[in-house]
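**Student:** With the hints as your guide, set chain B onto chain A.
Protein sequence lines, in the order shown, are assigned to chains A and B. Residue 68 is where the first sequence starts when you use the working numbering, and the numbers rise one by one after that. Residue 262 is where the second sequence starts when you use the working numbering, and the numbers rise one by one after that.
Possibly wrong hints are sitting among the right ones.
Said to hold, decoys possible - Which stretches of chain B does chain A cover? Using the computed rule of at least three CB atoms under 8 Å from a CB of chain A, they are:
| no. | region |
| --- | --- |
| 1 | 279–290 |
| 2 | 316–324 |
| 3 | 338–352 |
| 4 | 426–432 |
| 5 | 782–795 |
Stated by the list, open to error - When the alpha-carbon atoms are kept at most 20 Å apart in a straight line, the in silico EDC-like pairs for lysine to aspartate or glutamate are as follows:
| no. | chain 1 | residue 1 | chain 2 | residue 2 |
| --- | --- | --- | --- | --- |
| 6 | B | K388 | A | E593 |
| 7 | B | K388 | A | E539 |
| 8 | A | K653 | A | E515 |
| 9 | B | K346 | A | E602 |
| 10 | B | K391 | A | E574 |
| 11 | B | K389 | A | E539 |
| 12 | A | K401 | B | D419 |
Bear in mind the hints are in silico, worked out from the structure with no lab data behind them. All C-beta atoms in this analysis are idealised placements derived from N, C-alpha and C, irrespective of residue type, glycine included.
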Amino acid sequence: MKIASKKSNPAGFILADKGIVTDDDRLSLLRRDTVVKPAIFIGTSTCGIVAGALDTLVAVKQYLEEKQIDADVVETGCSGMCINEPVMDVQLPGKQRISFGKVTPQNAGYLLDHILNFTIPTENVIAQYPHGNLQAWEDIRNINEIPFFRFQNRVVLKNCGIIDPSSIEEYKARGGYKSLSRVIMKYSSDKVCEIIEDSGLRGRGGGGFPTGRKWRIALNTPEDERYLICNGDESDPGAFMDRAIFEGDPHKLIEGVIIAAYAIRAKRAYIFLRASYKLAVQRLRQAIKDAAAAGYLGQDIMGSGFNLNIHVREGAGAFVCGEETALIASIEGKRGTPHTRPPYPVTKGLFGKPTVVNNVETLANVPEIIEKGPSWFASIGTATSKGTKVFSLSGKVMYTGMVEVDMGTSFRDIIYAIGGGIKSHKRLKAIQVGGPTGSCLPEDSLDETVDYETLTKAGAMMGSGGIVVMDEDTCMVDIARFFADFLQHESCGKCIPCREGSRRMHEILQNITQRPPNAAGYETLERFKGVMQLENLADVIRDTALCGLGQTAPNPVLSALKYFREEFEEHIFDRHCRSGVCRDLKIYYINVDKCSGCTLCLRKCPTGAIIGSPHTPHFIIEEKCTGCGICFEICKFVAVSVK
Amino acid sequence: MNFPIEVNNKIIIARKGETILEALTRNGLKVPTLCHMTELNPTGSCRMCVVEVEGKANLITACSHPVEEWMKIKTHSPRVVNARKTNVELLLSNHPDDCLYCDRNGNCELQKFAAELNIRERRFTGKKNKYKTDPSGSSIVRDQAKCVLCGRCVRTCDEIMGVSTLGFIGRGNTTIIGPSFNRQLNLSSCIACGQCIMSCPTGALHEKRHSADLQHALHNTEKHVVIQYSPTLSISIGEELGMKPGKDLYGIINAALRKMGFDKIFDAAFAADLYIVELAAEMEKRMRSGGMVPMFSSDCPAWVKHVEQTYPEMIPHLSACKSPQQMFGAIIRSYYTTTFHVDIDNLYTVSAMPCTARKFESKREQMTQKGISDVDAVLTTREFNQFIRLNGIDTHQLEPEISDSPFHVQSSAGKLMGATGGLTEALIRTLYSRLAGKEIAQPKITEVRNVKDYKEYYMKIGEFKLGFAIVNSVKYAEKIINEIKAGRDDIHFVEVVACPGGCVNGGGQPFSNDQNIAKARIKSIYDNDEKDPIRFAHKNPAILDLYREYLGQPGGEKSESLLYTTYSKREVSL
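If we strip away everything but chain A, and leave its shape as in the complex, we get:
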């Protein structure tokens, strides 16, 4: 087998000898318009690591060592196609970059054997990245031809999964920090605010407040000091866009932060992210250090007299710290609890000074807007919602991952065109949008589009940007209970409606989905009364809670009640869970014909609910049965059935 090695450099790798002479050469190398030796890219974001990317990385390095091949091994961020992790891209001199999915230590060698010899392995190939000057691989799709990417418009995620996030040079080679230079050299703070206002950019965190207007309010508040905070406290289950940006393209965010700080004349910016995002913290800190070394941070940035320092604050992971006033309290070193507004942070925030709190994605959009102009940005999306939005697509969908689509794209396109539809050809039941305080939308909302107004009208919110797809195996009452449980744990405990109300909401739902320990005659009535209370309770919590978390906490419950009421009624009156999720509602019985009387189930039943003597059919006493399903699982004769 012919393998390229250091000693015998085959004809394909000729560029190595040409040497680098000009800046253009250097930049094109950094952009990987061409490579002088094979470059192997491995996605080592958290999602990749979880899938085993570090093992793959070790295996690849070992392979190269053994075969004595001189190649660049580059760790990249996540391209968004989480389903294919660990992802390995290979770019050979003169050839287009090609991407492989599900690369394990076991098959890495096999894949490399093939590709380094310019042959295409039969499996694991995802696509190739088209490039005008490079030779394409035959019979391989271009990356933007596969449905997952075809319908996406990657603005924020442009570089994620492609570049080496630890290299500021690579980011710069792709046009990074150009926007910052332009802003600092050409624009006044006022002008920057104006550009962002014109672009129509709105906050990606939840409320959708116009970003430019927020900056201007802060800028116009007379104070000696202002602060910028980047809110990266992404705590929603099923949301990972911010993490992808931190890990995949940290410099883009930093550039956005610097521009925003310049726009509001802040001397100090904070980036707040979860301490549990270890890799993100590490890459972000490194990137800040590199940016400072390159002169983009610190004193007198690019000779403009503008000073800025970025501080990274690691949050302990409280969900409520994503709420801006709680986040500010946390940065100040106090308990992470929200406080009343007004005064709004933009006039009186961190340490009592005007403070702009922006979401990670919002800030990551800024360099692009500066580069391509506000009218370009305003041309994307709908009348009121401009630009693109990154969603974390998860749940029972074929291709889970991170997708960036134009505002105004329909859920149908996201779930079916990009996500490839529902797994195992089941039916879609609900779409959960906006994280734990978002809403569950029914199937007929599929043609709703993702923009601020439509989502608000549908009782959902842009919120975190998580889309969880649920199929018919999901019990909506149980989902409502799950989110109520999540929120009662994440309530900060400051205001009464959220602290006490979320717990009662959870208990009411628990009563519906579970079997009460002492079943009494009036229990149906109690459950029914519970649901009656539930709506009132949810309304009061929404009406009176102190912060955004509390006010939106009843959303999952209210939306489930609105769209899936019949499921609640089934649970209450028929004690039946149509998707079979609510374990307590399952009624097990033993098929007399099939039971051989082996006594196995009788012995294993934890509550002694099964009676019978050896060699005669057994019976389950319904009142004693907790529905654990052990008998069902262990019966060798398939005699136990569920009603």
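**Tutor:** Same frame as chain A, but now just chain B:
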């Protein structure tokens, strides 16, 4: 700037910059509040003051929202009332439901809300948090189960007292309030001032009760029960009997106590006179012999504990004099028992004070003789009121009587100690006489008669130019202490009272929402001073008798052994 706003379809005039709540209150519209504390910034945690404002999607809190010109407000619409009611019901769903057994029964804000909102059914039932009470403190008992987490005690302790013992612990529906690391109160930095009790809307905080013990002693024929009551009491119990705040019931208390069967009734204003005489003697000694100046006052036990734990290096500055309560306790146990041939083993001394820290003080190791405390029980004003009711005394039918001899005369100087600045004023009167050899021409010193947080007063007495610092609440002591440490030497006496306003606003006083009540009591003290024939502690004939017959001279050997105490550094979890 004033502008009209619409409230409940009627026009009221609001002022620019005030909150909705302030505008409503000024116009006579009452919106219920729970976490709200006038003077402090709103936290908006209880959501009781929510109102409906046209154009706002959610209800907004009146306490925190500034009033704006376009506002159309509904304060009691069905939506608002339902929201308030639901929130109170939610609180009740996690409340012990044992009002009849509660310390605050009949005097509880939560109970009041439940009644006002007509809550007649338990709509929300579910798990309740279970907590144990913390009876470890010698003055204050905490019952977390009854806590509604309004945070008033936390803010009082932190923002008003500057002690910061209490804080929130944990999150969500398992949040609790407690001292640092959730340790017991007796190990904490609590100074037992009791202001948290005053701010608590429910029975989550209350004083450690001594009244049951007293009732036993009172009805034990072998026991000789002696009571000393603070002069502040006589101007504080009137309101509960339906009288004007500050009304002096001096003689009535004596009559009531006598009716209950106390063997001897003494007004602690006598001990206050004794304290002032001793303090002046100590002060003179320190001035003349180059002792540690400035001297810190030592009458407030909460302040003394604060020094012991927070500024142990300042302990030498503290006056060695026991507080009036403990001086009286010591005099009763020694002089009184020998003179009146009372069996010391059967003596039971009670003190009734507007203070919770006095309970702690009576249990201090230094305040005991042979292991027995000089003061056996301490009642707060609240307990005292209750004790009168318990014993079925109808105060309306009593005629004033005088307290018992030999301590039946009190000067008005000692009574000044109920208000901040009062001790300094009384001390100056006696000190003047000692240092200048003549009486002060104008005993009324207007400059020290106000409730400012911190004030200084300079006076030339004889050869000395003396500086007095008056600190109103321990929170403001830090500044002067740091200045003294930095070498400031023009201050010779520092008076500190832990509670803002002085003992009239002590932690043992009756609960009240009236902000002006402390002022009325202070006014009563000063009015009394104007008309009292004896305005100098050292002119009190009973005091002079006591020195002649027993103590010798102020600051003498006997005084030192009986009336002086020591202090030691305290290790607490700060």
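**Student:** Hint by hint, say whether it matches the structure.
**Tutor:** Hint-by-hint comparison with the structure:
Figure legend: the region 279–290 of chain B, annotated as covered by chain A; annotation inconsistent (0 residues with Cβ-Cβ distances under 8 Å, at least 3 required). Only when three residues or more bring their CB closer than 8 Å to a CB of chain A does the claim for the region 316–324 of chain B stand; here the count is 3, and the claim holds. With 7 residues having a beta carbon nearer than 8 Å to a beta carbon of chain A, the region 338–352 of chain B meets the requirement of three or more and the stated coverage holds. Beta-carbon proximity to chain A at under 8 Å applies to 3 residues in the region 426–432 of chain B; the threshold of 3 is reached and the given coverage holds.
Coverage of the region 782–795 of chain B by chain A is violated. Counting CB-CB distances below 8 Å, 0 residues qualify, and the rule asks for three or more. Taking the CA atoms of B:K388 and A:E593, the gap is about 16 Å. The hint holds against a cut of 20 Å. Taking the CA atoms of B:K388 and A:E539, the gap is near 32 Å; set against the 20 Å cutoff, the hint is violated. Restraint check: the Cα-Cα separation between A:K653 and A:E515 comes to about 35 Å, which exceeds 20 Å; the hinted pair is violated.
For the hint pairing B:K346 with A:E602, the CA-to-CA distance comes to about 15 Å; that is within 20 Å, so the pair holds. For the proposed pair B:K391 and A:E574, the alpha carbon gap of about 17 Å is at most 20 Å, so the pair holds. Distance restraint check for B:K389 and A:E539: the Cα-Cα separation of roughly 36 Å exceeds the 20 Å cut-off, and the hinted pair is therefore not satisfied. Only pairs whose Cα atoms come within 20 Å are accepted, and A:K401 paired with B:D419 is accepted, the gap being roughly 14 Å.
Taken one by one, the earlier hints fail for this structure at numbers 1, 5, 7, 8, 11, listed in ascending order.
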